[in-house]
Amino acid sequence: HAKFWRELSTVECIESHVKKMVIHEYRGDQSELRFLKFISRRAEVLQTLYVLLNRESLTSVAKVRKMTRRLVALSRLAWSDDCQIMVLGPELQNDWSFQKASDLTVDDPFHW
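Take the sequence shown: its letter number 100 is residue 100 in our numbering, and every next letter is one higher.
What you were told as hints is all true, and nothing was included just to trick you.
Derived DSBU-like pairs (lysine-lysine); straight-line CA-CA distance at most 30 Å:
{"hint": "1", "residue 1": "Lys19", "residue 2": "Lys37"}
{"hint": "2", "residue 1": "Lys66", "residue 2": "Lys19"}
{"hint": "3", "residue 1": "Lys20", "residue 2": "Lys66"}
Pairwise CB distance ranges (calculated):
{"hint": "4", "residue 1": "Ala62", "residue 2": "Val106", "range": "37 to 43 Å"}
{"hint": "5", "residue 1": "Val45", "residue 2": "Arg69", "range": "26 to 32 Å"}
{"hint": "6", "residue 1": "Ile23", "residue 2": "Arg65", "range": "17 to 23 Å"}
Keep in mind that the hints were calculated from the coordinates and are not lab data.
No experiment lies behind these values; they were computed from the predicted model shown.
Don't be surprised by glycine CBs; every beta carbon is placed ideally from N, CA and C.
With the hints as constraints, model all of the structure from the sequences given.
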């Protein structure tokens, strides 16, 4: 998967249009981290990145520490000066739904 993200060319909508991104059920896997790094290098206008943690990923202290270290390192990248990274626990995920996200009358289906 790492090769895929390195070789992926520019995606215009990510580069110049995406202002907010919400990652649900984040487990801290290498593939998820690589995706976040890809976004960090490409999303030029990203203002807010929400990372909503998976409940099972919080069962081990060692796992939480590892995930936290990786997300802190990600937040220190140059792009993060213009982007706020919010890491949220599973309890705050309940307001989101596919129905709400696909409702075109809602300006921002991910707004809390």
